[in-house]
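Those protein sequence lines, which keep their order, are chains U and V.
Just so you know, we're using my numbering here: the first sequence kicks off at 228 and counts up by one.
Just so you know, we're using my numbering here: the second sequence kicks off at 228 and counts up by one.
Simulated from the structure, these hints should not be mistaken for laboratory data.
Where is the CB? At the ideal position from N, CA and C, for every residue including glycine.
Don't take each hint at face value.
Stated by the list, open to error - From chain V, some residues computed to sit far from chain U (all C-beta separations above 10 Å):
no. : residue
1   : Ala236
2   : Ala256
3   : Gln340
4   : Asp470
5   : Pro506
To be verified - Computed footprint of chain U on chain V, listed as stretches where at least three residues anywhere in the stretch have a Cβ under 8 Å from a Cβ of chain U:
no. : stretch
6   : 359-369
7   : 392-405
8   : 608-619
The primary structure of each chain is shown beneath.
2 protein chains.
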Amino acid sequence: MNRTPVVSALRLYESIEALGRIGRYLDEASGLYGVNRLALTAQDGEGRRHVVAKMKSLGLAVTVDRIGNVYARRKGREDTLAPVMMGSHIDSVPTAGKFDGCLGVLGALEVMQALDDAQHVTRRPLVAAFFTDEEGSRFGSDMLGSSVATARIPLQTAYALRDRAGLSVQAELEAIGFLGETAEQLAPPFAYLECHIEQGPMLRREHIDIGVVTGVQSISWHEVTILGRSAHAGTTPMELRADASVAASRINLRLRQMALSGHYGEQLRATMGAMVPVPGLVNIVPGQMTVTVDLRNPSDVQMRRAEADIIAFYETVAAEEGVQIRWRQTARTSCVPFDAAFQDQIEAAAQRRGLSTRRIVSGAGHDAQELAHLTRAAMIFVPGEYDGISHNPRELSTPEQCANGVQVLLDVLLEIADAE
Amino acid sequence: MNRTPVVSALRLYESIEALGRIGRYLDEASGLYGVNRLALTAQDGEGRRHVVAKMKSLGLAVTVDRIGNVYARRKGREDTLAPVMMGSHIDSVPTAGKFDGCLGVLGALEVMQALDDAQHVTRRPLVAAFFTDEEGSRFGSDMLGSSVATARIPLQTAYALRDRAGLSVQAELEAIGFLGETAEQLAPPFAYLECHIEQGPMLRREHIDIGVVTGVQSISWHEVTILGRSAHAGTTPMELRADASVAASRINLRLRQMALSGHYGEQLRATMGAMVPVPGLVNIVPGQMTVTVDLRNPSDVQMRRAEADIIAFYETVAAEEGVQIRWRQTARTSCVPFDAAFQDQIEAAAQRRGLSTRRIVSGAGHDAQELAHLTRAAMIFVPGEYDGISHNPRELSTPEQCANGVQVLLDVLLEIADAE
């Protein structure tokens, strides 16, 4: 009889640390090392080769598809059945920590290793996956690899995306050696499970070990271009200006006011992350400004209200400031609910391990929301220190927090993959 | 007996058009050609060679000093006397028109040519000058060449200034072939006269031909760095954020509120021209933001009040938003009055030509304010169409407006240069 498969907290954490040394940089503000592995950069390439080597050392069969998603397959006792897939991503925002995405990928490999240790072969085959460019920081489209794999975005559309320097996804995949040959459209796996850090404060504040994710909230991104009139800052009377930066600032403060108002539910998040004034010089009233707006809401109804209101505010600002405001939708996803039965299984598995749980909505987008269009999907959240700060070098989940999540991942995986 | 020297409006305007074709670009918003001859770029180099060739074709003796200022000297009847200097600049902001600075330089050469036409040799020698990097758009320090020539800024300090790409003033002077050999500190000329477009709406609105400039208003520039905390835009609750872009937006709106309030006189101008969020991505709360503040005021007392109040507001915002705000002064000049007797002479000369005049404070900084520390200086303004818009491709003064200013320049120059 096999031993019960058990996750090694130390091995898992060392594996997270090792990947976190690739693409690291010293953040001067905090004195901490951060991670910068923007999708399809040399740093991402190095991270990918590191993880692929790890997959191969576990004896897994590695394939790379045409959008650079990487799948590592472990045989099942009934190997022709649809596999159970675990996954996440290893690309990062430019100012990241070590955990976002990596916990899910390295956690999946820790599951594989724990199964090896226990000499446990599941009935169904297993796959550990990492998907290309989940963050969207470089090419402007998040969950890129998983949305191509699930046919939401055509391959050629994804290939043609370009970064600010004009480099395309296709060229950059090729440059780092991850323009694979297997078909990008994924045959539906039997199930998809993803372990991830919460990236928010709820679990840590309430001293909860495991977040049972009910779904992913709605996301809406606008790119807003404000056309005013550039003018001399020293001579142009205030009342004759059409100052694009003032218009942008008014929209930014309105976003916060909306989020704090409670008029769109209690969980509207609203952010102006990018602001680019043209010409962007001290002594010139900016004649143009491009900014981004990021809205999140766990309610589709409230999201639509928030979107309508900010769009109406663009028009108000345009009229009052004498500028033109154009906007385009750069991302839009509705709320995605996760599989209800899997949520119950995650909750029960955690409780069997003596871990506290709560249901939680994901504030961030995740590859699991794309896979949910293809198969039954679920996510397990673990808490993070410092109010769960993420996309920041201070991002930190402890070895215990990480191992708890991956152990629950393993326990639920076994239930699903071994079920007759 | 000599003929009376008379400016040719057509020749002057064609000369402005010719220089305006160097570094031109098509402004998509307006469909107009604009000018981009940032200081010490290849475009500036081409503009400089064009003007130097023109100087030489007029038989003037051209020298280039160690900061790249160019002086073209015309002999006087008593050639050892201190010269009367005319000048301005030919560098531009990246989104400029054809007139800013160029009118003063090409106007000075038109004066030389009109004197040649009339076979008039003045008692004192004359100099037409153009000064390096008046705009300050590239290396962050405006009136650079004239302030080195008048010993306000040491040569080595100027040489060491770098643009955003890390290129130094010294290296770029050398690269365009204008690292001259004559001493940079200027022997005081007998007088300095500069003709310039108003860059504001006053003259045009009141149908005035000639602005008699009483002085240049005070200028204060801050570079403000806001240190917040980068965080995930989808998950971080609004109340846990330290959003540098929100802090910047509040400062921007406060600047406008101050300028419109009338609490700092009626002519406070306040502008946030540059805004650089870090990391500047759609889905990350900006953890850092660098912005610029440009304040102008024709009253030194009101300027000091405005500066004190905006600095106090930085502290208020820092406390309320949970961010750190650091600022440094990147430029600061007090009000500079021009020579009172010259103002009277300009007014009288204009009236003799049947031109209407009014006294006016300069909203912009000019090389004349630097020269005013070395000698008696004065400025003549001409109106601009479209409310005198400047630092914009729409900048436009008519042939008649330009020629009026240069004719008054010539008339006053003769009074000064021929006086016994």
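Hints, verified against the model:
For Ala236/V, the requirement that its beta carbon stay farther than 10 Å from each beta carbon of chain U is met, with the minimum near 25 Å. Look at Ala256/V: its CB is around 6 Å from the nearest CB on chain U, not clear of 10 Å, so calling it non-interface is violated. With a least CB separation of 29 Å from chain U, Gln340/V remains clear of the 10 Å interface cut-off, as annotated. For Asp470/V, the shortest C-beta to C-beta distance to chain U comes to about 7 Å, within the 10 Å cut-off, and the non-interface label is violated.
Not every CB of chain U is more than 10 Å from the CB of Pro506/V (nearest about 5 Å), against its label as outside the interface. Closer than 8 Å: that is the beta-carbon criterion, and the stretch 359-369 of chain V has 5 residues meeting it against chain U, so the requirement of 3 holds. Counting residues of the stretch 392-405 of chain V whose C-beta sits closer than 8 Å to any C-beta of chain U gives 0, which falls short of three, so the coverage hint is violated. Chain U is given as covering the stretch 608-619 of chain V, and this holds because 6 residues of the stretch bring a CB closer than 8 Å to a CB of that chain, at least three being needed.
Of the numbered hints listed earlier, those contradicted by the structure are 2, 4, 5 and 7.
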